[in-house]
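Protein chains in written order, with this note's numbering: chain A, 74 to 366; chain B, 74 to 366.
Hints listed in this document are in silico derivations from the structure and should not be mistaken for laboratory results.
Take these hints with a grain of salt, some might be off.
The list makes no distinction among identical chains, and a pair is therefore deemed to hold if it is satisfied within one copy or across any two copies.
The calculated PhoX-like cross-link candidates involving lysine-lysine, where the alpha carbons are at most 25 Å apart (straight line), are [as the list claims (entries may be wrong)]: (1) 181 - 361; (2) 324 - 123; (3) 175 - 75; (4) 361 - 123; (5) 330 - 75; (6) 123 - 257; (7) 361 - 324; (8) 257 - 181; (9) 330 - 269; (10) 75 - 123; (11) 181 - 330; (12) 361 - 75; (13) 361 - 330.
These figures come from a predicted structure and were not determined experimentally.
2 protein chains.
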Amino acid sequence: MKDLLIRTISGIAFIIIIIGAILWSPVSYVAIMCLILTGMMYEFLSISLKGSRMAGTILTIATGIAIFLFLFFINGYGMQPLYLILSLIPVLFIFISGLYVKEYNIHKEIRTPEGEIRMEDNGYERSPFLLSSLLYIAVPLSMCNLIVFDPEGNYSGTLLLSLFIILWAADVGAYCFGTLFGQKNGHRLFPSVSPKKSWEGFWGGLLCAILAGIILNYTGLLYITLLHSIILALLIGIFGVFGDLVESQLKRNFGVKDSGRIMPGHGGMLDRFDGALLAFPIAVIYLKFFIII
Amino acid sequence: MKDLLIRTISGIAFIIIIIGAILWSPVSYVAIMCLILTGMMYEFLSISLKGSRMAGTILTIATGIAIFLFLFFINGYGMQPLYLILSLIPVLFIFISGLYVKEYNIHKEIRTPEGEIRMEDNGYERSPFLLSSLLYIAVPLSMCNLIVFDPEGNYSGTLLLSLFIILWAADVGAYCFGTLFGQKNGHRLFPSVSPKKSWEGFWGGLLCAILAGIILNYTGLLYITLLHSIILALLIGIFGVFGDLVESQLKRNFGVKDSGRIMPGHGGMLDRFDGALLAFPIAVIYLKFFIII
Chain A
74 MKDLLIRTIS
84 GIAFIIIIIG
94 AILWSPVSYV
104 AIMCLILTGM
114 MYEFLSISLK
124 GSRMAGTILT
134 IATGIAIFLF
144 LFFINGYGMQ
154 PLYLILSLIP
164 VLFIFISGLY
174 VKEYNIHKEI
184 RTPEGEIRME
194 DNGYERSPFL
204 LSSLLYIAVP
214 LSMCNLIVFD
224 PEGNYSGTLL
234 LSLFIILWAA
244 DVGAYCFGTL
254 FGQKNGHRLF
264 PSVSPKKSWE
274 GFWGGLLCAI
284 LAGIILNYTG
294 LLYITLLHSI
304 ILALLIGIFG
314 VFGDLVESQL
324 KRNFGVKDSG
334 RIMPGHGGML
344 DRFDGALLAF
354 PIAVIYLKFF
364 III
Chain B
74 MKDLLIRTIS
84 GIAFIIIIIG
94 AILWSPVSYV
104 AIMCLILTGM
114 MYEFLSISLK
124 GSRMAGTILT
134 IATGIAIFLF
144 LFFINGYGMQ
154 PLYLILSLIP
164 VLFIFISGLY
174 VKEYNIHKEI
184 RTPEGEIRME
194 DNGYERSPFL
204 LSSLLYIAVP
214 LSMCNLIVFD
224 PEGNYSGTLL
234 LSLFIILWAA
244 DVGAYCFGTL
254 FGQKNGHRLF
264 PSVSPKKSWE
274 GFWGGLLCAI
284 LAGIILNYTG
294 LLYITLLHSI
304 ILALLIGIFG
314 VFGDLVESQL
324 KRNFGVKDSG
334 RIMPGHGGML
344 DRFDGALLAF
354 PIAVIYLKFF
364 III
């Protein structure tokens, strides 16, 4: 019960900060997004690389921020799309920095209890987590830049805010429905990855996402047709759950419970925004290609 | 001696095919580049994922081809850059497909001979090679699309051909100089990754790259100033060697000698074009931002 209280308070505080930053100005939007991007990438790389590759980690996060900023200026301030390729320069140095990791060039044979001979783990096989963090975290978050400017190029965070609200509604809905109906005799959603998730929670989350979409539509914040709002909410609800599962699988494979400790009761940034990483790209693509905003 | 003959003949045949395809027409250019891209990605993923993740491999190669084609049509045929984000759809499904790999969700503890308890390798740690192959292979090759259209939008392969010729000149130069001067008393370039490479070969390669750049400049094929041609040749020479080393490190860590067997005497596609993966992006960025072609 105390846990739930802490979780609720810190969750609400976080939500207020994000809503404020998105609505206030393009500067506060960029600041909060770069903070989230940095936090998520740092957590992701801490988990997967276990503290190795500090130079690579810094280069990768810098690349992620560069991609975000380029897409911000390209979409809002008429910068040529060509500039995006400059973010490939640090990528080249991420590859090159791998050459200088001493452990990667030591290949020691070990014998397992079964008498099998295999190479000892030198960490090399985890090195592509650096690059994959760009496609897993930096690119999805950078996609938000495509929907924060109206056709005249003026900043407007309302559409992005709608995506966040739908995602949070789905989260809260899944949590409540899951706790109420899914805990005891519930049907497991994906037990091999996330034992606590139930189908009851999934449907509850989807229901709340759709309700949020409808309400946002009526308030005018989500200025697309009602049908589009519902489809958008469905996409965010479904891909948000996949996003949760992808992150759970990561944590289970690296034996961590929370991605970080930045938010009391919620774990890390990655725990909080895992759903967005798969939900937002599909939502942005839907908004851009099927609704033409 | 017989090896050298086979190597020379198959090398020349391959070079003729590539030169012909690049010069002939945009269609033959796209065909050969997609073939190279597919071959390289397939080899890279076969080495790193050891045959697991077939669905993921197919999705990833499809994404790579999509990125290449989008950049081709965006740069040459006025397609909106926005279309590029459609290539994120298969990326989302690459993530989701990982959830359904049974092994990734089994976590078995094993005891090492030293009595240490660790998790048995279930392949999950190698899964990001899928996404990193996009940034390692697909994006660099797709960058070629930025330099195969003149400002009027007409296809012209001469600039790209110049990059290939400089890269090949560096390769041949490094091979010849390395064999002549570097084999016995030579100075090792990067022994921990590639024991056969010598500084003598490196300088010879750089010399041949610069010579190629100067000759291409005089013939008018490389229609930039002489100074720019020399700097371009230097960049290709240096980053080409880093590209070789990055691929060597990959092969050594996975215990393979050649990336494939498609070219007699040369190994696989990845062996042949490894240098281009780091050299071409930097060359394209230099051409686009410092020369404004």
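Open item on the list: Checking each numbered hint in turn, tell me which of them this model violates, lowest number first.
Closed with: 1, 3, 4, 6, 7, 8, 10, 12 and 13
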